[in-house]
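Colleague: Line order of the protein sequences matches chains X, L and V.
Following the working numbering, the numbering of the first sequence begins with 6 at its first residue and continues without gaps.
Following the working numbering, the numbering of the second sequence begins with 246 at its first residue and continues without gaps.
Following the working numbering, the numbering of the third sequence begins with 209 at its first residue and continues without gaps.
Keep in mind that the hints were calculated from the coordinates and are not lab data.
These numbers come from a predicted model, not from an experiment.
We put the CB at the ideal spot given by N, CA and C, even for glycine.
Check the hints yourself; a few may be wrong.
Said to hold, decoys possible - Per label pair, the in silico range of CB-to-CB distance:
hint	chain 1	residue 1	chain 2	residue 2	range
1	V	Thr537	X	Ile94	55 to 63 angstroms
2	L	Pro422	V	Leu268	19 to 27 angstroms
3	X	Leu8	L	Thr375	46 to 54 angstroms
4	L	Pro422	V	Ile366	17 to 25 angstroms
5	V	Phe531	X	Leu98	52 to 60 angstroms
6	X	Lys41	V	Val526	29 to 37 angstroms
7	X	Lys41	V	Pro442	51 to 59 angstroms
As the list claims (entries may be wrong) - Using 20 angstroms as the maximum straight-line C-alpha spacing, the simulated SDA-like pairs for lysine to any residue come out as follows:
hint	chain 1	residue 1	chain 2	residue 2
8	V	Lys472	V	Val512
9	X	Lys41	X	Phe161
10	X	Lys104	L	Arg317
11	X	Lys35	L	Leu265
12	X	Lys164	V	Arg521
13	X	Lys112	L	Arg317
14	V	Lys415	V	Trp475
Spelled out, the chains give:
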Amino acid sequence: MELFAQFFVTALTAVAVENAVFARALGINKTVLFMKSPKMGILYGAVLTWMGVLSSFLVAIVNVLLEGRTGIMYIRAPLFSICVAAVYIVTYLVAHKWKPKLFQIIKPALPVCTFNTALFGAFYISSTGSYHFLQTVGYTLGTGVGYTLALLVIYFARKRLAISPVPRSFRGLPILLLYIGLLSLAIYGLLGHGLPS
Amino acid sequence: MNLSTVRKYTKKHSVVAGLLLKNPVVVLGLDLPFVIATSTSLRNAAAMSIMLLCIHMFTLLAARFTAGRMHRWLRMLCHIFVSTIMMVLTRALVVRMFHQDILNSLGMYIYLMGVNGMTIYQALAVKRKTPLLQVLAAAFQNVLGFVLVMFLLSFVRELLGNGTLWGVVIPLPAVFPGLLIPFSGFISVGFLLAFGRFLNKRVTAFLITESARTDLRYAQLRGENRDD
Amino acid sequence: MKIKSQDAPHIRHQERTISLMTDVIITLLLLYVMAFYYYGVRVILLGALSVATCLAADVLCLLLRRSRPRLRDLSAVVTGLLLPLLMPASVPYLVVATAALFGIVVAKHPFGGVGHNVFNPAAAGICFAVICFGADVFFAYPPTQEKLPAFGAIESTIVNSPAFTLQLGGVPQLDLSDMALGNFVGPMGATNILVIFACLLFLVFRKTIRWEMPVAFFVTAALFAFLFPRADMPRTLSVCYELMSGMLFFGGVFLLGDPVTSPKRGWSKVAYGVVAGIVVMLFRRYGNLEEEFVFAILIMNATVWGFDMLGERLARLVRGKQFESVHGTKIHKKA
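Chain X extracted, bound-state conformation:
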């Protein structure tokens, strides 16, 4: 029971307080900042969450194997990449062969969302924080959900900013970054001190 409570608390922390986008600025690039519709944001978020949760099973096993060893910093990164690559290959081939319609929908999102700094960030946090299996999965799930919510917030922010007379130099990316920065300020105030990295 306590383990499940820890799972939920870790997931909730990853969604709200240690949000991948607002607290750590992970996983953002021009594609996700300028999405054409909220459906695209949900798609990207869903793909990231799916790949993340599946990879987190393997990553949790890797963390257990590497615990207590010296020099893990040299083998941890390649092992994480191998875990994620394995899930990527399986998802790609299974979707390509058996679910072609779904594959056509997720194809543009797959590379961006699999090898994403937000996901790998979640893995490194779970590794340095010595999270156990359920906590790793919970944290990665929370990161994915938090990332999806952040993308939706950014989409609606763009819609709101489009109706303001923003100065010409600020239109587009700069004002969006300022908006995200002020939201990040508000979320940082909730936490009040440095984030673990």
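With the hints as your guide, set chains L and V onto chain X.
Modeller: Okay, now just chains L and V, sitting in the frame of chain X:
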């Protein structure tokens, strides 16, 4: 209208377009996480720049050789493999060059360089039969663009946020530690990009008025010659 | 056709923007008089510096944007007057100047200036100052009735506010009548509860702010404090302490009700007030700082557009149903 001045400027500028008008960070929006979160001191910027230089150049070199020879998904995995190996090797180098405090302050962002968006995006964009030197030159220009933005932001954020430059204490009347937190990174990048656009507008406006003035001068001269 | 030029925010009420601003300025000046009575001339100097910095930054930004600075635009004065009232009277002058600069240059003008800003500039400035200068500077309150020196270091003892006690899970040992009259430590302008209540009544009477939002906000906050007291004390006492400590009452009147950064329709305002009440109380309970109101306000400001959209859709639905019931035909939606 005499556009020779504008043409001369655009021609000279296209050589360094990768640094300014097509800067990969602020214009193409790549590698934003690193610029926002780690540009808090000049030494951090130097460490991240060295990491990106090695990872990016070697991954694009590998991309040149894998282009057109295998499926896209397999290419993707090759690039990730090369960039992760390069990240591990470069980190070992950076550990020897910089103090442990720098690495502690960078935290996991050094590891995340292995999957940085700029390398992945540019590697997938490399086409078959592109000259090797062209690929390397474009890669170097990308890294220079990143370095420029990182050092500019780190300079301001370290000076005003910590009162130091490269670890040397600069006596200032006030410091604002809030500038070292990621939210300030977002705001700083936004202001940097807006300032860059503002400058670009001023330069373009100046060039257009200059060429109009040149036009007028030529017309006046031709008018005088005809009188003679 | 006569086209009148009017400043944003374009609110369909009798009054114009300038009368909104002057009403708020009058109430804020009254709070400055009360703070001057408790803390001395330093209060006036802080206010003057804040207003001067805000005005200078505003004029500079307008010139950079190639707009003419207008004398009738008093929004920078309002922001300037709001800032020191949310800080302790012993706060250094630099903190006030930083908050003012950040609020105007980052939170106001890049978003479009007067009437178009998404985030409340005063709240954004305070948030930045809290994070830059830390809780040691920001939440260190001098005792009341002690006149502070205008310049130089503050030598008076620092007292913990009731908000700090509540955050630790303790019960503030204060007389409620003292709290209502402002005879307790806290932000300069936020302690005079009765005066702020009078200001609220004045502003509602003058239709500067609509009554729905503050009422919904305070009722929700009171209900939350009643149902979930932070310490072991009678529930009614918890309600009193929660509402009267920290920036909550002041913020609920002046920051939440800002016509630019709040929803426009009646029902949206009520919903916004309720959600704001829940968010503020949750932030207070689970946040790390003793006063999280300004951070919660920034997050609520980001959701205003959503409340407006939902309010519009609800209004359209209601109007559609009324039309059907009157005319007996359905409204056909345009393709």
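Colleague: Does each hint fit the structure? Answer for all of them.
Modeller: Here's how the hints hold up against the structure:
In this structure the hint that V/Thr537 and X/Ile94 lie 55 to 63 angstroms apart at CB holds, the actual value being about 59 angstroms. For L/Pro422 paired with V/Leu268, a C-beta distance near 25 angstroms keeps the hint of 19 to 27 angstroms intact. Remark: the range hint 46 to 54 angstroms for X/Leu8 to L/Thr375 is upheld by a beta-carbon distance near 53 angstroms. Separation of L/Pro422 from V/Ile366 is about 21 angstroms and conforms to the stated range, judged on CB atoms against 17 to 25 angstroms.
Distance hint for V/Phe531 and X/Leu98: a CB-CB separation of about 56 angstroms, consistent with the stated range 52 to 60 angstroms. The hint said 29 to 37 angstroms for the Cβ distance between X/Lys41 and V/Val526, and at roughly 32 angstroms that hint holds. For X/Lys41 paired with V/Pro442, a C-beta distance near 55 angstroms keeps the hint of 51 to 59 angstroms intact. With a CA separation close to 9 angstroms, the supplied pair V/Lys472 and V/Val512 stays within the 20 angstroms bound.
At roughly 11 angstroms between alpha-carbon atoms, X/Lys41 and X/Phe161 fall within 20 angstroms of each other, so this suggested pair holds. Restraint check for X/Lys104 and L/Arg317: the C-alpha separation of about 19 angstroms stays at or below 20 angstroms, so the hint holds. For the hint pairing X/Lys35 with L/Leu265, the CA-to-CA distance comes to about 17 angstroms; that is within 20 angstroms, so the pair holds. For the proposed pair X/Lys164 and V/Arg521, the alpha carbon gap of about 17 angstroms is at most 20 angstroms, so the pair holds.
Only pairs whose Cα atoms come within 20 angstroms are accepted, and X/Lys112 paired with L/Arg317 is accepted, the gap being roughly 11 angstroms. A hinted pair counts as satisfied when its Cα atoms are at most 20 angstroms apart, and V/Lys415 with V/Trp475 qualifies at roughly 17 angstroms.
When the structure is compared with the earlier hints, no violation turns up for any of them.
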